[in-house]
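Residue numbers (our numbering), protein chains in the order written: chain A, 2 to 352; chain R, 2 to 274.
Hints may contain errors.
With a straight-line Cα cutoff of 20 Å, these simulated DMTMM-like cross-link-like pairs (lysine to aspartate or glutamate) come out [unchecked claim]: (1) Lys92(A) / Glu106(R); (2) Lys167(R) / Asp41(A); (3) Lys107(R) / Asp41(A).
Simulated DEER-style distance windows between Cβ atoms [unchecked claim]: (4) Asp148(A) / His100(R): 27 to 37 Å; (5) Met124(A) / Val103(R): 20 to 30 Å; (6) Glu260(A) / Asp92(R): 35 to 45 Å.
Treat the hints as calculated values from the structure; they're not laboratory data. Values in this document were obtained by computation on a predicted structure and should not be read as measured data. We put the beta carbon where it would ideally sit given N, CA and C, even for glycine.
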Amino acid sequence: MRKALIRTLVELAERDPRVLFLTADLGYTVVEPFADRFPDRFFNVGVAEQNMLGLATGLAEGGFIPYVYSIATFSALRPYEFIRNGPVLQKLPVRIIGVGGGFEYAPAGPTHYALEDVGVLRMLPGLHVIAPADFRQCRSALLSLHDAPGPAYFRLGKDDACELPGLEGRFEPGRAQVVRQGKDMLFIAMGPSAVPCVKAAESLAALGIESTVMVVASMSPPPVADLVSMLSGFPAAITVEAHYAVGGLGSLVCETVAEHNLNCKITRRGVTGSPAGLQGDQDFMNRLHGLSAEQLAETALKIHGESRSPRAGTGPWAPAGDWGPVPDPQAPRKESGRARSGASGALQNPP
Amino acid sequence: MEAPSPFPRVTPTAIRRNVLEQAKRANVGHIGSALSVADIMAVLFSGRLDRAGSGAGPGARDRFVLSKGHAALALYAALHLQGRIDKAVLDTYCGNGSHLGVHPEKGLPGIDFSTGSLGQGLSMGAGAALAMKLKGAPGRVRVLMSDAELNEGSTWEAAMFAAHRKLGNLDLILDLNGQQALGHTRDVLDLDPLRPRWEAFGWDVREADGHDAVSMQRHLESMAEDPHQPSILIARTVCGKGVSFMESQVKWHYWPMSDAQYAEALAELERAA
Numbered sequence: 002m003r004k005a006l007i008r009t010l011v012e013l014a015e016r017d018p019r020v021l022f023l024t025a026d027l028g029y030t031v032v033e034p035f036a037d038r039f040p041d042r043f044f045n046v047g048v049a050e051q052n053m054l055g056l057a058t059g060l061a062e063g064g065f066i067p068y069v070y071s072i073a074t075f076s077a078l079r080p081y082e083f084i085r086n087g088p089v090l091q092k093l094p095v096r097i098i099g100v101g102g103g104f105e106y107a108p109a110g111p112t113h114y115a116l117e118d119v120g121v122l123r124m125l126p127g128l129h130v131i132a133p134a135d136f137r138q139c140r141s142a143l144l145s146l147h148d149a150p151g152p153a154y155f156r157l158g159k160d161d162a163c164e165l166p167g168l169e170g171r172f173e174p175g176r177a178q179v180v181r182q183g184k185d186m187l188f189i190a191m192g193p194s195a196v197p198c199v200k201a202a203e204s205l206a207a208l209g210i211e212s213t214v215m216v217v218a219s220m221s222p223p224p225v226a227d228l229v230s231m232l233s234g235f236p237a238a239i240t241v242e243a244h245y246a247v248g249g250l251g252s253l254v255c256e257t258v259a260e261h262n263l264n265c266k267i268t269r270r271g272v273t274g275s276p277a278g279l280q281g282d283q284d285f286m287n288r289l290h291g292l293s294a295e296q297l298a299e300t301a302l303k304i305h306g307e308s309r310s311p312r313a314g315t316g317p318w319a320p321a322g323d324w325g326p327v328p329d330p331q332a333p334r335k336e337s338g339r340a341r342s343g344a345s346g347a348l349q350n351p352p
Numbered sequence: 002m003e004a005p006s007p008f009p010r011v012t013p014t015a016i017r018r019n020v021l022e023q024a025k026r027a028n029v030g031h032i033g034s035a036l037s038v039a040d041i042m043a044v045l046f047s048g049r050l051d052r053a054g055s056g057a058g059p060g061a062r063d064r065f066v067l068s069k070g071h072a073a074l075a076l077y078a079a080l081h082l083q084g085r086i087d088k089a090v091l092d093t094y095c096g097n098g099s100h101l102g103v104h105p106e107k108g109l110p111g112i113d114f115s116t117g118s119l120g121q122g123l124s125m126g127a128g129a130a131l132a133m134k135l136k137g138a139p140g141r142v143r144v145l146m147s148d149a150e151l152n153e154g155s156t157w158e159a160a161m162f163a164a165h166r167k168l169g170n171l172d173l174i175l176d177l178n179g180q181q182a183l184g185h186t187r188d189v190l191d192l193d194p195l196r197p198r199w200e201a202f203g204w205d206v207r208e209a210d211g212h213d214a215v216s217m218q219r220h221l222e223s224m225a226e227d228p229h230q231p232s233i234l235i236a237r238t239v240c241g242k243g244v245s246f247m248e249s250q251v252k253w254h255y256w257p258m259s260d261a262q263y264a265e266a267l268a269e270l271e272r273a274a
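Let's have the full structure, built from the sequences with the hints guiding it.
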């Protein structure tokens, strides 16, 4: 999404002289197209994220729209209090770019994993918190919020090629998007976590279980109406996020279920333990924390069985690491079509 | 040459009187810090140095950042004396439903930035100064900072940036009263050698008695001459200045006044006026 970001910002800067770009010395081979095209509007402020957010506050007060860029942990967490007291408290149009949600920077180690950025930022009133699922939705979200009077945080993936089937770049603040529909199982995913959910849905379809996959990119404002509408139609749902299971999408969905008195049992899939210790690539780390497509399919199978049993909804929440039997990946798959039943017409359906 | 201020002249004694009145009425502290900067505020909010609110567009007018937000009462007093905050509003200070808290919030007339968390003001001021340069606007940004804010690493991030980007339209006024919440700065975290530190960071460094308006005015005017170098005016002050029993007493960082202390403080102020 980084290339989509820079392409979109160059385009915005061509027509809007308020656009500035600040980086805390990151973005090698990414930021150059903006820096080359607008050298007077590009600022490498050095490895000083607090100052970067303070500068952006002053620039925004002076009428500019500064986009500040770093790895997600460094742009969201290091200057957190500057975000809180600056653009949030003072309602200024600063755009904070955090690259690499979840384990995208694996095997860089736990200092580089953004596992709590969405949770801590979505608490801040008036701050848009956006986690696009792919580069097309990233572009839509940037364009959609460019003129917003208040601040925004964009949690952008490093992947520039992956496109989530069925999403078609749709984005609207405060809305969720459905990319796959099925009556038997509901996956709700934050941003790029929709990709393994769709894969899990495909393998479940081979077993005759049809799944709906809903993408939540707009974590704040939250898509409450869409969530209520969708959760009302299922006895159980799985939330999936490359984030701690506390504070992010799973928490948002549980808040929604509780506040609207919905009869839907939620299983949260996110990181529940410390990311310190074992290292590996992104796939390894996701698997370590139960976020691979196979593990999600296993979780869904288990929940699907429970939801059809007389004890539906009464079982304990399965702790991280309890994945049940692994289905044979060599087993023949049925052709999986895109099911259309089971979802509300009020939602943003696939085109 | 800056345009004349459209506001009445603000005197340090009037600031101090308002500080004492409001602190007593609201029964709150931070009196020593507000008295410490009364002379600085009078210079900044009087005459040619103050173009804030002068009717110039948002890109042209000056900006002021009270980085030491806990001295907001002195700022409210100055704005009141200028006629930008009326008495009825000032009298809500720290009351329920008031917009005037112990630390200032953006949105009030004359208040460009919300402050209160130490060490954030210079970054915001540098951003405001950069915004003016990018627009080719003639205004200046003045940041008033407490000496203890030099404990914060973010202050030095901003100091490096301002010099590197040649923000000659940025003036930092340091309220060097040598005190912080729990003691003297030399005991808590020594700031010396202060002048060489700022010189090493690439700043134009001036020093003045922070209670000498003429000296400060002269420095602040000449600091505007170099368009390529940010300037710091190290203003040596006395915490609690103007009320002898508060001067240089750490406890007056937080304490409110008793009735007797209030009467004594006001009487002393009037005698000196």
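These are the hints, each one checked on the structure:
1. Lys92(A) / Glu106(R): 12 Å, holds
2. Lys167(R) / Asp41(A): Distance of about 14 Å is within 20 Å: holds.
3. Lys107(R) / Asp41(A): Given pair Lys107(R), Asp41(A) is violated - Cα atoms ~29 Å apart, limit 20 Å.
4. Asp148(A) / His100(R): 27 to 37 Å: 28 Å, holds
5. Met124(A) / Val103(R): 20 to 30 Å: Check passed, 24 Å falls within 20 to 30 Å.
6. Glu260(A) / Asp92(R): 35 to 45 Å: Between Glu260(A) and Asp92(R), where Cβ atoms are some 41 Å apart, the hint holds.
In this structure, the one hint that does not hold is number 3.
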